[in-house]
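**Student:** Listed below are the residues making up each chain.
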Amino acid sequence: MRTRNTRRVAALAAAVLGAGLALASCADDDDGGGASGTWPGADKTECKDLEQLADFGDLSGKEVGVYTSIVAPEDQAQKDSYKLFTTCTGAKVKYEGSKEFEAQLPVRVQAGNPPDIAFVPQPGLLKTLVATGKVVEAPSQVSDNVDEFFGEDWRAYGSVDDKLYAAPLGANVKSFVWYSPSMFADNGWEVPETWDDMLALSDTIAASGIKPWCAGIESGEATGWPATDWLEDVLLRTAGPDVYDDWVSHDVPFNDPQIAEALDQVGGILKNDKYVNGGIGDVKSIATTAFQEGGLPILDGKCAMHRQAGFYAANWPEGTNVAEDGDVFAFYLPTVSEDFGRPVLGGGEFVTAFSDDTVVQALQTYLSTDVWANEKAKNTPGGGWVSANKGLQVENLVSPIDQLSGQILQDPDAVFRFDGSDQMPGEVGANSFWKEMTAWITGQSTADTLDHIESSWP
Amino acid sequence: MSAGEKFVQLVICVAVFFGVVALILLVTSRLRSRSGERIQFAAFVLPAVLLIAVGLLYPAISTIITSFKDNTQTEFVGLDNYHTVFTDSQQLKVLRNTALWVALVPTLSTFIGLVYAVLVDRARMEKFAKALVFLPMAISLVGASIIWKFVYAYKDNENDQIGLANQVLKSLGFDTYNFLLNEPWNNLFLIVIMIWVQAGFAMTLLSASIKAIPEDIVEAARLDGVSGLKMFRYITVPSIRPSLIVVLTTISITTLKAFDIVRTATGGNFDTSVLAYEFYVQSFRSNNAGLGAALAVLIFVLVLPIVVYNVRQLRKLGA
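First to last, the sequence lines map onto chains A and B.
Everything in the first sequence is counted per our numbering, starting at 153 for the first residue and increasing by one.
Everything in the second sequence is counted per our numbering, starting at 2 for the first residue and increasing by one.
What the hints contain is simulated information worked out from the structure, not anything from laboratory work.
A portion of the hints provided could be inaccurate.
Stated by the list, open to error - Capping the alpha-carbon separation at 25 angstroms, the derived lysine-lysine pairs in DSS-like fashion look like this:
#1 B:Lys150 with A:Lys454
#2 A:Lys426 with A:Lys200
#3 B:Lys70 with A:Lys279
#4 A:Lys315 with A:Lys286
#5 A:Lys244 with A:Lys231
#6 B:Lys171 with A:Lys454
#7 B:Lys70 with B:Lys258
#8 A:Lys436 with B:Lys258
#9 B:Lys258 with A:Lys251
#10 A:Lys235 with A:Lys542
#11 B:Lys70 with A:Lys286
#12 B:Lys131 with A:Lys251
#13 A:Lys436 with A:Lys426
#14 B:Lys7 with A:Lys251
#15 A:Lys436 with A:Lys423
#16 A:Lys542 with A:Lys231
#17 A:Lys286 with B:Lys94
#18 A:Lys214 with B:Lys7
#19 A:Lys200 with A:Lys251
#20 A:Lys251 with A:Lys231
#21 B:Lys212 with B:Lys131
#22 A:Lys436 with B:Lys171
#23 B:Lys7 with A:Lys246
#24 A:Lys454 with A:Lys436
#25 A:Lys251 with A:Lys235
#26 A:Lys235 with A:Lys214
#27 B:Lys70 with A:Lys426
#28 A:Lys436 with B:Lys212
#29 A:Lys423 with A:Lys454
#30 A:Lys244 with B:Lys131
#31 A:Lys244 with A:Lys279
#32 A:Lys214 with A:Lys246
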């Protein structure tokens, strides 16, 4: 009995080993290889503007993975906008969204398991990733498209050492102040054109018995980021884009008097007990109010203005009419002086590839075209998306606020600057800057705040 | 590589591993001599040792080495990271908070659990009363934190409240209070969340061991005129001492690893960060792997004596 059993075990072991070896040998991927066959879009009318994809040949049956921080419900519009790519090339896109994207992506890259393509929302993180040597330079088709459809500044945000790695994808405009058009009309208030007008309006509103401003900077572990946007937006207006660039690259120290002046200007609103925090509480309550809820008191008439990006449109309760003649809308955060044009603060994502497979390059190319930008606009029925792509037709954007963002992004007079904290090293841009701005709101002095951030710069 | 392919490879790897082990055992089972027994012994132990080495020892050693390197992991910086942990004002607050957590959570949850277990023991509705306290155990720490964040939600007196705690304060005529903001008290309000979850665990274990106290001991004590507090002090507590130690040490370790509550409720702001959360922030958000590793090593060093004590206690019981 015993011998029979051991024999059986031996046979089993051998079988398992054999199967393992056989399977392991055929587990090699069949990716790679140049273009082959004619592309499936050859005689389809909807593909005629995408002829550059013909270079990649027939990609039927191939798959390309996309890893992003864009999760439900916004992901559906992304997925829908890839259908044209599948129609024209035959390749499928596998979409994976994660809220832990920023923390997970470097881990995956380090572990040798990077996605094919990642939509990186921070130029700072892109730099870190490129430094690992795992990011693949953008192919020439993408580079040409970026030259054609994007401004030089956007190309620079996706480049490291003058080499283009990642083409811009979506964009957002942050220099907005949300308000209630009907509330303004009822009280005879006018949308302010200058910073001083805005402060005068704030005083008028404060005198009428409500606190004019409301804000919330609580955002879980990213608590503080809306306050960093405030500082960036104001710095662009008080010191100008050149100082802003030097500040981001740390050629101007974080505790420079010019930065302190801008922060005090922010404090004139955010730390002014007469101005904040409408419908919520005192100045300190800004720190514990979720950013999603920061502007909602406007709907109850308990607050008049809320500075937040265009994407805040998604946070108004269902049924709110977001339009110039509706329940809420936004105006451009006014300038402090005439010296620096019309500065615009914003953000965006960048298409970063970790593979040079044909199918990956094909998707990179598709995403950098004007065709995709318009396709995405049409596939976003709820609004809340815009791109800096110059080929994007503003009338394809659905919501009035997106159209306004689109106009601002394409306005030749606008001086666009990318969100500074997203470009700084992680120690500052994703940690001390957030933390110290939160501490500043809860009572820390301007000087201490800026000194602390300066000392944390690596 | 897709998840499906990875899964297939995983299954293949496990199968190959089993195959190899089976083969080794098969071969060594043929050995009959004294040295053969040693080889047999090695064949049984080696796979486990190997797995522990790959899964535990290697990461531990690599973490310790990382803790002596700078943020980009290129240069050795000696004890600089540890120096930061023990001198930087922010990090000192983290240490203070961790000490507060470790001092309060295990003692209070065990105390509350124990008192509750004694009080409801053999009472009417015992099962229902126990279920009430045990239920929070079934909620994840993140869920519990979100629930309590709503309880603590703050708006000033003039506005409608959405937070339960502040509505109670307002109804009683007090000013509303921003629970999560004012340091150091906000730490206590976070600790309350952990106690809320852990007291049920303590209560269940302790209640079971109270029920296991032999009836004759209780009876003998009663005949000697012991009752009430004295019964609790001289009979109940000494009889359940082993369970008490297990409960205390388990909760201590859980508390040292506390991460979810801080991350969800405050994001480590307002001076509420603790070691385990700070380790995560430094490693994965600030990209400062060196300092993160140093914090991880510190947690390891702090947990170690508790584990050693626990194991020794268990061994004493076994002997």
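**Student:** Hint by hint, say whether it matches the structure.
**Tutor:** Going down the list of hints, with the structure as the test:
Distance restraint check for lysine 150 (chain B) and lysine 454 (chain A): the Cα-Cα separation of roughly 23 angstroms lies within the 25 angstroms cut-off, and the hinted pair is therefore satisfied. Taking the CA atoms of lysine 426 (chain A) and lysine 200 (chain A), the gap is about 59 angstroms. The hint is violated against a cut of 25 angstroms. At roughly 21 angstroms between alpha-carbon atoms, lysine 70 (chain B) and lysine 279 (chain A) fall within 25 angstroms of each other, so this suggested pair holds. For the proposed pair lysine 315 (chain A) and lysine 286 (chain A), the alpha carbon gap of about 14 angstroms is at most 25 angstroms, so the pair holds.
At most 25 angstroms may separate the alpha-carbon atoms for a hinted pair to count; lysine 244 (chain A) and lysine 231 (chain A) meet this at roughly 10 angstroms. With a CA separation close to 20 angstroms, the supplied pair lysine 171 (chain B) and lysine 454 (chain A) stays within the 25 angstroms bound. Distance check on the hinted pair: lysine 70 (chain B) and lysine 258 (chain B) sit about 24 angstroms apart at the alpha-carbon level, within 25 angstroms; holds. Distance check on the hinted pair: lysine 436 (chain A) and lysine 258 (chain B) sit about 30 angstroms apart at the alpha-carbon level, beyond 25 angstroms; violated.
Only pairs whose Cα atoms come within 25 angstroms are accepted, and lysine 258 (chain B) paired with lysine 251 (chain A) is accepted, the gap being roughly 22 angstroms. Taking the CA atoms of lysine 235 (chain A) and lysine 542 (chain A), the gap is about 22 angstroms. The hint holds against a cut of 25 angstroms. A distance of roughly 22 angstroms separates the Cα atoms of lysine 70 (chain B) and lysine 286 (chain A); the hinted pair therefore holds under the 25 angstroms criterion. The suggested pairing of lysine 131 (chain B) with lysine 251 (chain A) is violated, with an alpha-carbon distance near 37 angstroms, which exceeds 25 angstroms.
Pair hint lysine 436 (chain A) plus lysine 426 (chain A) holds up; C-alpha atoms about 13 angstroms apart against a cutoff of 25 angstroms. Pair hint lysine 7 (chain B) plus lysine 251 (chain A) holds up; C-alpha atoms about 23 angstroms apart against a cutoff of 25 angstroms. For the given pair, lysine 436 (chain A) sits about 8 angstroms from lysine 423 (chain A) by alpha-carbon distance, which is consistent with the 25 angstroms threshold. A C-alpha spacing of about 22 angstroms is found between lysine 542 (chain A) and lysine 231 (chain A), which places the hinted pair at or below 25 angstroms, so the restraint holds.
Restraint check: the Cα-Cα separation between lysine 286 (chain A) and lysine 94 (chain B) comes to about 38 angstroms, which exceeds 25 angstroms; the hinted pair is violated. A threshold of 25 angstroms between alpha carbons decides the hint, and for lysine 214 (chain A) with lysine 7 (chain B) the separation of about 18 angstroms falls inside it, so the pair holds. A hinted pair counts as satisfied when its Cα atoms are at most 25 angstroms apart, and lysine 200 (chain A) with lysine 251 (chain A) does not qualify at roughly 36 angstroms. With a CA separation close to 17 angstroms, the supplied pair lysine 251 (chain A) and lysine 231 (chain A) stays within the 25 angstroms bound.
Among the hinted pairs, lysine 212 (chain B) with lysine 131 (chain B) is consistent with the structure: their alpha-carbon atoms are about 14 angstroms apart, no more than 25 angstroms. Between lysine 436 (chain A) and lysine 171 (chain B), the direct Cα distance comes to roughly 19 angstroms. Compliance with the 25 angstroms bound is thereby established for this hinted pair. In summary, the hint linking lysine 7 (chain B) to lysine 246 (chain A) is supported, as the alpha carbons are separated by about 16 angstroms, within the 25 angstroms threshold. For the hint pairing lysine 454 (chain A) with lysine 436 (chain A), the CA-to-CA distance comes to about 17 angstroms; that is within 25 angstroms, so the pair holds.
Distance check on the hinted pair: lysine 251 (chain A) and lysine 235 (chain A) sit about 24 angstroms apart at the alpha-carbon level, within 25 angstroms; holds. Annotation: proposed proximity of lysine 235 (chain A) to lysine 214 (chain A) holds, straight-line Cα distance about 14 angstroms (limit 25 angstroms). Annotation: proposed proximity of lysine 70 (chain B) to lysine 426 (chain A) is violated, straight-line Cα distance about 49 angstroms (limit 25 angstroms). For the suggested pair lysine 436 (chain A) and lysine 212 (chain B), the alpha carbons sit about 51 angstroms apart, so the restraint of at most 25 angstroms is broken.
For the hint linking lysine 423 (chain A) to lysine 454 (chain A), the alpha-carbon distance of about 18 angstroms falls within 25 angstroms, and the restraint holds. Restraint check for lysine 244 (chain A) and lysine 131 (chain B): the C-alpha separation of about 54 angstroms exceeds 25 angstroms, so the hint is violated. Using a Cα cut-off of 25 angstroms, the hinted pair lysine 244 (chain A) and lysine 279 (chain A) is violated, with the two alpha carbons roughly 29 angstroms apart. Between the alpha carbons of lysine 214 (chain A) and lysine 246 (chain A) the distance comes to roughly 10 angstroms, so the proposed pair stays at or under 25 angstroms and holds.
Against the hints set out earlier in the document, violations occur for numbers 2, 8, 12, 17, 19, 27, 28, 30, 31.
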